[in-house]
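J.: Using the hints, position chain B against chain A.
Chains as they are written, first to last, in this note's numbering: chain A, 1 to 250; chain B, 1 to 250.
Don't take each hint at face value.
Identical chains share a label here; the pair holds if one copy fits it or two copies do between them.
In the DSSO-like style, the derived pairs of lysine-lysine whose C-alpha atoms are separated by at most 30 Å in a straight line are [said to hold, decoys possible]: (1) Lys206 <-> Lys38; (2) Lys38 <-> Lys210; (3) Lys154 <-> Lys43; (4) Lys41 <-> Lys217; (5) Lys38 <-> Lys166; (6) Lys26 <-> Lys247; (7) Lys187 <-> Lys217; (8) Lys187 <-> Lys247; (9) Lys217 <-> Lys247.
Since the hints were made in silico from the structure, they are not lab data.
Here is what each chain is made of, one letter per residue.
Number of protein chains: 2
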Amino acid sequence: MENSDIIYGKNSVMEALIAGNREINKILISKNIHSDNKINKIKELAQERGIVFQFVAKEKFQPYAEFNHQGIIAQISPIKYYDLDEFLESREHTNSSLVILDGVEDSHNLGAIIRTCVCAGVDGIIIPSRRNVQVNSVVEKTSAGAINHIPIIKVNSLVNAVQTLKDSNWWIIATDASANDNYYDVKYDDMNFAIIMGAEHAGVSKSLLKASDFVVKIPMQNSFNSLNVSNALSAIIFETLRQKLVKTRK
Amino acid sequence: MENSDIIYGKNSVMEALIAGNREINKILISKNIHSDNKINKIKELAQERGIVFQFVAKEKFQPYAEFNHQGIIAQISPIKYYDLDEFLESREHTNSSLVILDGVEDSHNLGAIIRTCVCAGVDGIIIPSRRNVQVNSVVEKTSAGAINHIPIIKVNSLVNAVQTLKDSNWWIIATDASANDNYYDVKYDDMNFAIIMGAEHAGVSKSLLKASDFVVKIPMQNSFNSLNVSNALSAIIFETLRQKLVKTRK
Chain A
1 MENSDIIYGK NSVMEALIAG NREINKILIS KNIHSDNKIN KIKELAQERG
51 IVFQFVAKEK FQPYAEFNHQ GIIAQISPIK YYDLDEFLES REHTNSSLVI
101 LDGVEDSHNL GAIIRTCVCA GVDGIIIPSR RNVQVNSVVE KTSAGAINHI
151 PIIKVNSLVN AVQTLKDSNW WIIATDASAN DNYYDVKYDD MNFAIIMGAE
201 HAGVSKSLLK ASDFVVKIPM QNSFNSLNVS NALSAIIFET LRQKLVKTRK
Chain B
1 MENSDIIYGK NSVMEALIAG NREINKILIS KNIHSDNKIN KIKELAQERG
51 IVFQFVAKEK FQPYAEFNHQ GIIAQISPIK YYDLDEFLES REHTNSSLVI
101 LDGVEDSHNL GAIIRTCVCA GVDGIIIPSR RNVQVNSVVE KTSAGAINHI
151 PIIKVNSLVN AVQTLKDSNW WIIATDASAN DNYYDVKYDD MNFAIIMGAE
201 HAGVSKSLLK ASDFVVKIPM QNSFNSLNVS NALSAIIFET LRQKLVKTRK
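Just chain A, same shape as in the assembly (with noise of 0.2 Å):
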């Protein structure tokens, strides 16, 4: 398979099988690996797709030693990212969200960036194509997986991404240290918005602040202020779908 990526650890294999939505050449297996439940669903679900999986010698495992790759690995075709436009046109949009990283250089951050929207339901990671990392095998893995089951969207000038979601009625939400507000005062429940999380140092582009709608904070209750990127989206995520299950529930 030309062009093809490597995934790793029992959950990514496992998850790319449950999604079947990229096309898998291979699996490969070490001898040397105890079966458990994990690697015999895996077995399963590549028997009933025809998928090919070997058992080989762990000297196999030599090229991907820098990787806890628990045995197991996969030769996979890399992920679709979707372009802004296809994205807005694939579905009515009605309280959906997106994430916007701008800058985010750490593979960590990213996996479980995507792993954290994937269970509070974010409808898609917009990330741009410079200046940012891209989804790469250290990705997939710390995504546990959750990769599968998000739309990626690419875009050259996340400046032009902001006005087009703008155009199309969504509403701009960043984070910045010196906000007014904090991120509850905003309420989220009633309209499509799109969250900018910015760069582990520089946090969000002037130009990027100014085009949105709100600016919000993170209260930081210690002179030590230094969150964790994928812990301050949590945070705020989170948030935002309390609001919305609250309402429902009322």
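T.: This is chain B only, laid out in the frame that chain A set:
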């Protein structure tokens, strides 16, 4: 310095100097790194406190190659663990909060949890002396120095610790995927409470679930429902903070 730890990375070293509650024997800086604001701040603080810093050839860092040391390490006294009685007697507790970790095994997760707890103003973190990752160099680095800003309380038995807390009028909230109540259904703004987070795979142990006053879940929006433990904690702990801050404002 006997029985000393190594910490590495600019933030870890800088935060240890700022906190000033641990004995630093020596700081080693690679001759090959460029000075920046953080390095300058480190030099300034070290000079003020009379701590030796040496510029060394990058070969000196060879033993630490597996770590993302950024060309700076420090030899430091181990963190001081608290015991629970000491923590409880150290001050009056009113609307205080604790996080209890039951079997968290991943160093990166513990580091991220410490960082989130400090930002959200949590008063302490309880870990068991066995079957849980302890504070090591990776935890220190991932916490970005936050470890110096919060008491880590080590106990032999979590069940006994929970009983001690209940006897001292603390409320215990455990998290479990099969709970009926959502985490935001609990009113956190008028009590001392401890939140129990479970192991990455096994969750909170049965004996602790049984001993808890509330068992809550995070409502998952997808069949893929595996949230990273530090991100799960972030959602819950910032909700407790939101409730407190909203109440104060009224």
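J.: A separate judgement is required for each hint: does it hold in the structure or not?
T.: Now the hints, each set against the structure:
1. Lys206 <-> Lys38: between (46 Å within a copy, 23 Å between copies)
2. Lys38 <-> Lys210: between (47 Å within a copy, 29 Å between copies)
3. Lys154 <-> Lys43: The answer is neither: 33 Å in one copy and 42 Å across copies each exceed 30 Å.
4. Lys41 <-> Lys217: between (43 Å within a copy, 26 Å between copies)
5. Lys38 <-> Lys166: This pair counts as neither: shortest intra-copy Cα distance 43 Å, inter-copy 39 Å.
6. Lys26 <-> Lys247: Classified as neither; 46 Å inside a copy, 56 Å across copies.
7. Lys187 <-> Lys217: Both: 14 Å inside a chain and 23 Å across chains, each within 30 Å.
8. Lys187 <-> Lys247: Both. Shortest intra-copy (11 Å) and inter-copy (18 Å) distances satisfy the 30 Å Cα cut-off.
9. Lys217 <-> Lys247: both (23 Å within a copy, 18 Å between copies)
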